[in-house]
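Enquirer: These are the residues of each chain, in order.
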Amino acid sequence: MTSTEYEPRFVVFCCNWCSYAGADLAGVSRLQLPANLRVIRVMCSSRVKPEWIIKALRSGLDGVLILGCHPGECHYQEGNYYTRRRVAILKKFLEYLGIEPQRVKLNWVSASEGAKFAELVSEMTNELRELGPNLLFAREAREREQEPIK
Amino acid sequence: MQKIRIGVFICHCGSNIASAVDVVDVVEYSKGLPYVIHAETNLYTCSPEGLRSIKNSIEQYHLNRVVVASCTPRTHEALFRDTCEEAGVNRYLFEFVNIREHCSWVHLHRKEAATAKANELVRMGVAKVSLLEPQDCMMVPIHPSSLIIGGGISGMTAALNLANQGFEVHLVEQETELGGLLKGLNRLLPTNEDAQEFLDSVVKKVKNHRRIKTHLPAKVSQVSGYVGNFEVGIQEGNNETQYQIGTIIVATGAQVFQPNRGDFGYAKMANVITQLELEERFRQGTETGQNVVMINCVGARIPERFYCSTFCCSTAIKNGILIKEQNPAAKVHILYRELMAYGIEYENAYQKALQLGVRFIRYNLENPPQIVGNGRATAVKVYDELFGQEMEIPLDLVVLTTPLVSYAENSLTSRILKVPLTEDGFFLEAHLKLRPTEFATEGIYVCGTARWPSSVGDCVAQAYAASAKAAILMRKGFAAVEPITAFVNEAICAGCGNCSLVCPFDAVAVQLQKGRRIAVVTPAKCKGCGSCAAVCPSGAMQQKGFTDQQMIAMLDAITEGD
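Protein sequences, first through last, are from chains A and B.
Okay, so the first sequence: first residue is 0 according to numbering that gives the first Met the number 0, each after it adds one.
Okay, so the second sequence: first residue is 0 according to numbering that gives the first Met the number 0, each after it adds one.
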């Protein structure tokens, strides 16, 4: 399988107030999306714990997209600012773990931006397809296989 | 502990889901998932039959957890939670799986991929529901007072409706007078009544009502708190006063689009005016001239402003009729692109205009009308799309029909209230059909042209709807707040205080208990963002309904089937 044929799979964390509504709007508008994404709803993007992201990548998913309200529009006043800082730091840590930082992305989608949601997930699909399979997962799977059963 | 018994209900949603997802396959798949005792499809799970089937299945199979895979939790979650509760299952042992907006509708012609994805989404939902715990709703009192932002016809109607039911109303208007857009109008469709007489009677009622406190010119400077218990700062001049408010209605209105200087000669030729300026002339009694040409859709339904403002065609029809009634010899041409005269009254007005001899000429955007004249418009050249020929119409007056556009200030109001706007800057309701005058945020409502261009009649209807919704809440006197608050596992809390640093609502504090530093959550203040749980190094801080364990189970479930 060449990297261009690779079908990636990723998870999208959407906040309840803006981006989940934006994702709903993409559906209501019948925008056709790649079937690679799984949306998980959280109340605020700031709930997304960095450990979840690493867990997702270690379990074999190819990427994580976090979507929040636009800066200044967070339902919880400043949650998305925390998310922004947290993701910036996490991306540095991912390099240390041997994961391409591009596998984790953060963006803003308002309740009226169904088209932007569609664009972002298509873009993410293409970029992950370029990157190919998540090597950390493959490496860990190999290590698990080689480990003698106790 | 009781053994987990899950029921999974897969909705066809008519053909909305079933046409793109093989729902029978999803049911068969669900039956093989851990703890799933029963799975079935429903034509419409939200219909009375669907809900009855959930209840019957709970009883028959002794279910204690329910998963519904259908549309979006944003509209139907409360309904299914109620159903669970009625059948004796705690309302928070329910999980919603969205296989319509997030699956069938976005993968319309890829049944295989959509079905595989739906299976996976259900697997994630089942993984989460098995880890959910029963919760109790938190009841909060609702203060019987309402803040209404905007003193136009919508705001005033809502204010009167609430005040007449005995609620205290604070009506905030940024201008020095009440009335909004209605102040500039001449006559109102479809009744043809005098706009100013109608407005005066409403303003008088508002001003004389003992339960309405009118603040003008004033602004809402800040809003904090939550449903039933908002703290609102109202700024009048240099004074800011705080009020305790139960519900908020956004009725900030919209403005009439002003054509750019030079568009169809506007602001360069004295005899090119807008419909609003024409209404002003009617009120002054100024002559409108023998030959009048109206051009519709000026600044509307163009690439940079795509929407139809809905009632401007009717405005042109209304004013065309007035001109013909005053002077039957006058010639009135209305150049239109598509004619929107919805509802029987506006259709009747259109028929009346035709009978009186108002001429309608259809133009298209590729061949817009050209004004002829130097310093003063003397004629218009227009390509009649239906006739297939260009014609030149002599004229004394050009009237441009322009749409309503949103106020730039809406973005500030939207930030203060944390409610969304559309891409055109109007306020975005929770759901176009199911919750048309509510926001997703409980206790905040919207009506009138703040929401979308609407006629006066529609604004009044929306104002009644929004205020009725507010009144329901205030009459009940309490509201259930979702138990999505943070909680602490005291045994592993190290008292580091990260949580209290990130809490925007001051809901978490580190306290000394039995000689140990421990984070303590005040649930009434917690709004459930979960930020504190994300920064807890030990995992002691969690969020109800979104615990680390539940979320990681969902993530694991994605790849489990591989």
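Hints listed in this document are in silico derivations from the structure and should not be mistaken for laboratory results.
A couple of the hints might just be wrong.
[Claimed, not checked] Straight-line distance between alpha carbons at most 20 Å, and here's what the computed SDA-like set of lysine to any residue pairs gives: (1) B:K110 to A:R29; (2) B:K432 to A:V27; (3) A:K54 to B:K432; (4) B:K323 to B:K218; (5) B:K218 to B:E192; (6) A:K54 to B:G560; (7) B:K417 to A:P70; (8) A:K54 to B:P143; (9) B:K417 to A:R29; (10) A:K115 to B:E303; (11) B:K323 to B:P189; (12) B:K475 to B:P143.
Enquirer: None of the hints should be skipped; say for each whether it holds.
Expert: A quick look at each hint next to the structure:
The suggested pairing of B:K110 with A:R29 holds, with an alpha-carbon distance near 15 Å, which does not exceed 20 Å. For the proposed pair B:K432 and A:V27, the alpha carbon gap of about 12 Å is at most 20 Å, so the pair holds. Under the criterion of a C-alpha separation no larger than 20 Å, the hint pairing A:K54 with B:K432 is inconsistent with the structure, at around 39 Å. Between B:K323 and B:K218 the CA atoms are separated by roughly 43 Å; this puts the pair beyond 20 Å, and the hint is violated.
Taken as a hint, the B:K218 and B:E192 pair is broken in the structure, with Cα atoms around 32 Å apart against an allowance of 20 Å. With a C-alpha separation of about 17 Å, the suggested pair A:K54 and B:G560 falls inside the 20 Å cut-off, and the hint holds. For a cut-off of 20 Å, the pair hint linking B:K417 to A:P70 stands: about 12 Å separates their Cα positions. Our distance criterion of 20 Å between C-alpha atoms is broken by A:K54 and B:P143, whose separation comes to about 47 Å.
For the given pair, B:K417 sits about 27 Å from A:R29 by alpha-carbon distance, which is inconsistent with the 20 Å threshold. Between the alpha carbons of A:K115 and B:E303 the distance comes to roughly 17 Å, so the proposed pair stays at or under 20 Å and holds. A threshold of 20 Å between alpha carbons decides the hint, and for B:K323 with B:P189 the separation of about 17 Å falls inside it, so the pair holds. Simply put, B:K475 and B:P143 have alpha-carbon atoms about 10 Å apart, close enough for the 20 Å limit, and the pair holds.
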